[in-house]
Amino acid sequence: MAAARRNPWVPVAGLAALAAWPLVEPALPASLQVGEPLTEVFIYAILALGLNVLTGFTGLLNLGVAAFAAIGAYAYSIATCEVYPFQLGFWPALAVTGAIGALAGFALGAPTLRVRGDYLAIVTLGFGEIVKDVLVNLDAITKGTQGINPLPPPSLLGTPLEARGQYWLYLGFVVATFVGVRALERSRVGRAWISIREDELASRAMGIRPDRAKMLAFATCAALAALSGALLVSRLSSSGEPSNYGFEVSIIALCIVIVGGIGSVRGTLLGAFVMVGMNSIVLVRLTEVLGSGAEGMAAAAPAADAGMLAHAWHFVRTWAHNVLLTPTNWKFLLFGLALVLMMVFRPQGILPPRAVHEDPPQPVPPGSEGVRA
Amino acid sequence: MSAILEVKDVTMRFGGLVANERVSLSVRPGEIFAVIGPNGAGKTTLFNAITGIYEPTEGDVLFEGRPIRREWTAADRIRGLAVGAVSAVAAVLALNATALWTAAINDRYVMGEPFPWGGALGSVPATLRDAGFWTTWFAAIAAFAVGRLAFGAIWRAQRRTPDLVARAGIARTFQNIRLFGEMNLVENVLVGMDQHFRSGYWACLVRTPGFRRERERMRRRAFELLQFVDLADEAAEPARSLPYGHQRRLEIARALATKPRLILLDEPAAGMNPAESADLMKLIRRIRESGITVVLIEHDMKVVMGISDRIAVLQYGKKIAEGTPEAIRNDPVCVAAYLGTEELG
Chain A
1 MAAARRNPWV
11 PVAGLAALAA
21 WPLVEPALPA
31 SLQVGEPLTE
41 VFIYAILALG
51 LNVLTGFTGL
61 LNLGVAAFAA
71 IGAYAYSIAT
81 CEVYPFQLGF
91 WPALAVTGAI
101 GALAGFALGA
111 PTLRVRGDYL
121 AIVTLGFGEI
131 VKDVLVNLDA
141 ITKGTQGINP
151 LPPPSLLGTP
161 LEARGQYWLY
171 LGFVVATFVG
181 VRALERSRVG
191 RAWISIREDE
201 LASRAMGIRP
211 DRAKMLAFAT
221 CAALAALSGA
231 LLVSRLSSSG
241 EPSNYGFEVS
251 IIALCIVIVG
261 GIGSVRGTLL
271 GAFVMVGMNS
281 IVLVRLTEVL
291 GSGAEGMAAA
301 APAADAGMLA
311 HAWHFVRTWA
321 HNVLLTPTNW
331 KFLLFGLALV
341 LMMVFRPQGI
351 LPPRAVHEDP
361 PQPVPPGSEG
371 VRA
Chain B
374 MSAILEVKDV
384 TMRFGGLVAN
394 ERVSLSVRPG
404 EIFAVIGPNG
414 AGKTTLFNAI
424 TGIYEPTEGD
434 VLFEGRPIRR
444 EWTAADRIRG
454 LAVGAVSAVA
464 AVLALNATAL
474 WTAAINDRYV
484 MGEPFPWGGA
494 LGSVPATLRD
504 AGFWTTWFAA
514 IAAFAVGRLA
524 FGAIWRAQRR
534 TPDLVARAGI
544 ARTFQNIRLF
554 GEMNLVENVL
564 VGMDQHFRSG
574 YWACLVRTPG
584 FRRERERMRR
594 RAFELLQFVD
604 LADEAAEPAR
614 SLPYGHQRRL
624 EIARALATKP
634 RLILLDEPAA
644 GMNPAESADL
654 MKLIRRIRES
664 GITVVLIEHD
674 MKVVMGISDR
684 IAVLQYGKKI
694 AEGTPEAIRN
704 DPVCVAAYLG
714 TEELG
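Chains as they are written, first to last, in the working numbering: chain A, 1 to 373; chain B, 374 to 718.
A hint or two may mislead.
What the hints assert, rightly or not - Sample of chain B residues lacking proximity to chain A, with all beta carbon distances greater than 12 angstroms (derived):
#1 Glu-379
#2 Pro-487
#3 Phe-511
#4 Asp-536
#5 Glu-699
#6 Asn-703
Said to hold, decoys possible - Chain A is faced by these chain B residues, among others (derived, beta-carbon under 10 angstroms):
#7 Thr-384
#8 Phe-387
#9 Gly-388
#10 Ile-426
#11 Thr-430
#12 Met-566
#13 Asp-567
#14 Met-591
What the hints assert, rightly or not - For each label pair, taking beta carbons as the anchor points, the in silico distance ranges come out as:
#15 A:Leu-337 - B:Asp-652: 50 to 58 angstroms
#16 B:Arg-443 - A:Ser-155: 29 to 37 angstroms
#17 A:Val-10 - B:Arg-613: 25 to 33 angstroms
#18 B:Thr-475 - A:Leu-113: 44 to 52 angstroms
#19 B:Trp-575 - A:Ala-338: 31 to 39 angstroms
#20 B:Thr-471 - A:Leu-113: 45 to 53 angstroms
Worth flagging that the hints you see were computed from the coordinates, not collected in a lab.
All of these numbers come straight from a predicted model, not from anything done at the bench.
The C-beta atom is built at its ideal place from N, Cα and C for all residues, glycine as well.
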């Protein structure tokens, strides 16, 4: 019995809806206009798809994927910003960024080939922190905590793109990443990765070379993470400061993979919409709505000579405004809660990976059987 | 007749435990050779030593007259030097990053004016000279040594790995079945075929026409192998969901997919009912007929006596007998090993 085929129209319809969104959005009421944060969803989707190659397919837990995004962000910034002599265009800079990201992947992958499980998680966690600190301290090159700006906007065929064009371009990058990762998953490369996750010794005994496969996984993960970093900074027109690429970013990427379904490409994509959508759209909107519904809550402080009770009442109102009515402040709480709920009710993720990637061919005519083809 | 597999005085020691002591076997091409013995006799350890999971403490394993072992070639020499050189350059760049960048870029670039690319690297020697001995020469030499030594250590540890043995032409199955449970049967077999694929990373990424043709051809061959072990009907099932006896046959198909000249089967009949083990005997004979030499570990005496050309008996890590099934059955030492000696008195 073949695994149930999914409806092929679901991805087509989803893509069409996303592509049409910028055209439809202006006609919608203001509270439904979410265009800007959707681009952030796309950037996180690329980061998480890269992480899924390493952690989902190959089973190597990486808690420092943000470091690769940081390397990509800074490589892109240095390659394009006018305060450096390089000043590459958008596309050549992306190519350079991808190559530098892949090199960074090799640099982390090579010494850690024999480190597995918890130990690898600790090494990658350390790598993430080290990269962040190096970027701060190499301030002659990276401008330290100032960040690098201004960066030229993304462009296509020599034309700089404004917000809507960027949206479509980034959507295109997500689609290309998705298609590419899927193609790898369903080829010998992905099979080697998954066989290492399932049983490294058995895959070795079948002639798979785990070192090569793991290096490819590291390089793929790092190149995609670097790409996401470059896309992020080119949209913001600034590299931001190194602490923007900290442990939280790594953990959000990991949450996306886990919530979506570890090892599942479709799940990871959906996870990006769920997690980043909740973080950047739902919580922000909720905060706005609650805030506007309770204007009076954050009233001006009472006069200094007002009674003790007035001060206490003001404190309670401010607290309620800052905590209860500002869900964006709870985002890590909600991420944690989402993870706990997933682990309890659906540990395999929202869209777990299909067990089967390769359908058997049509039966061959009798007589052509034999061990040696 | 020269042996296809020659185990010469192999000793496997784990601390104080001697799992194999000076075991020698000589398997001829085209035969079915059985290794039997009570539990804990060291049969699986011997298989692991042959297939590169363990490195024999003493002794040699020869396949087709040669040890399966990487030799230190000119290419390895160059690779080692390259690793050392890259480490040296990386160390010097890392230690002098700020000075080098400042001299080459920051001091020479004025925003808005064209950058004099021609002399960009001219400042490097002076910068490194100013940086002093410790961050240039010492760092370069130390990093070169570390990189080169690390390469050598890794190379030495990898002289005889299971993947090298598998690629040399020895395939195996495992006593405690080790399939890829989440993959279906076709995919499990395709993993075994991995070394025969030609398409590389980029061809897989962009799905070139050559990649598609190869994929179709390989899938077909995988399916033929499933037909060979009589599992074609379940080809699309995940391996995890198969009954035990079928999983053993799938492991055989996956091992055959590597196109071996020698296959090692570790207790292929374990957990099979009599009808299944009769089928298994037929399958093993068909494998031999296709030109593959078979070595098996088995406890089921009906299977062992029914298909083996020769049998070796291990006990407490030592070989105590070797010969035809007839000879083994009548050998008092072997009977004693299995049934114990009669108590006298």
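A quick look at each hint next to the structure:
For B:Glu-379, the shortest C-beta to C-beta distance to chain A comes to about 21 angstroms, beyond the 12 angstroms cut-off, and the non-interface label holds. At roughly 8 angstroms, the least C-beta separation between B:Pro-487 and chain A is not larger than 12 angstroms, which violates its mark as non-interface. The non-interface label for B:Phe-511 is consistent with chain A: the shortest C-beta to C-beta separation is roughly 22 angstroms, beyond 12 angstroms. Residue placement check: B:Asp-536 does not keep its beta carbon more than 12 angstroms from all beta carbons of chain A (closest about 5 angstroms).
The Cβ of B:Glu-699 lies farther than 12 angstroms from every Cβ of chain A, with a closest approach of about 30 angstroms, so its non-interface assignment holds. Non-interface call for B:Asn-703 relative to chain A: holds, since the shortest CB-CB distance, roughly 35 angstroms, exceeds 12 angstroms. Hint status for B:Thr-384: violated, given a least beta-carbon distance of 22 angstroms to chain A, over 10 angstroms. Taking 10 angstroms as the C-beta contact cut-off toward chain A, the hint placing B:Phe-387 at the interface is violated, the least distance being around 17 angstroms.
Interface restraint check for B:Gly-388: the shortest CB-CB distance to chain A comes to about 21 angstroms, outside 10 angstroms, so the restraint is violated. Proximity of B:Ile-426 to chain A holds as hinted, the smallest CB-CB distance being about 7 angstroms (cut-off 10 angstroms). With 10 angstroms as the threshold, the beta carbon of B:Thr-430 stays out of range of chain A, its nearest partner Cβ sitting at about 20 angstroms, so the hint is violated. Checking B:Met-566 against chain A: minimum C-beta separation of about 8 angstroms stays under 10 angstroms; hint holds.
Taking 10 angstroms as the C-beta contact cut-off toward chain A, the hint placing B:Asp-567 at the interface holds, the least distance being around 5 angstroms. Look at B:Met-591: its Cβ gets to within about 8 angstroms of chain A, closer than 10 angstroms, so that hint holds up. The hinted range of 50 to 58 angstroms is satisfied by A:Leu-337 and B:Asp-652, whose Cβ atoms lie roughly 54 angstroms apart. The hint said 29 to 37 angstroms for the Cβ distance between B:Arg-443 and A:Ser-155, and at roughly 50 angstroms that hint is violated.
As the Cβ distance of A:Val-10 to B:Arg-613 is approximately 27 angstroms, the hint placing it in 25 to 33 angstroms holds. Take B:Thr-475 and A:Leu-113: their Cβ atoms lie about 35 angstroms apart, and the range 44 to 52 angstroms is violated. A beta carbon spacing of about 37 angstroms between B:Trp-575 and A:Ala-338 agrees with the range 31 to 39 angstroms that was offered as a hint. Evaluation of the 45 to 53 angstroms hint for B:Thr-471 and A:Leu-113 yields a failure: the beta carbon distance comes to about 31 angstroms.
When the structure is compared with the earlier hints, violations turn up for hints 2, 4, 7, 8, 9, 11, 16, 18, 20 and for no others.
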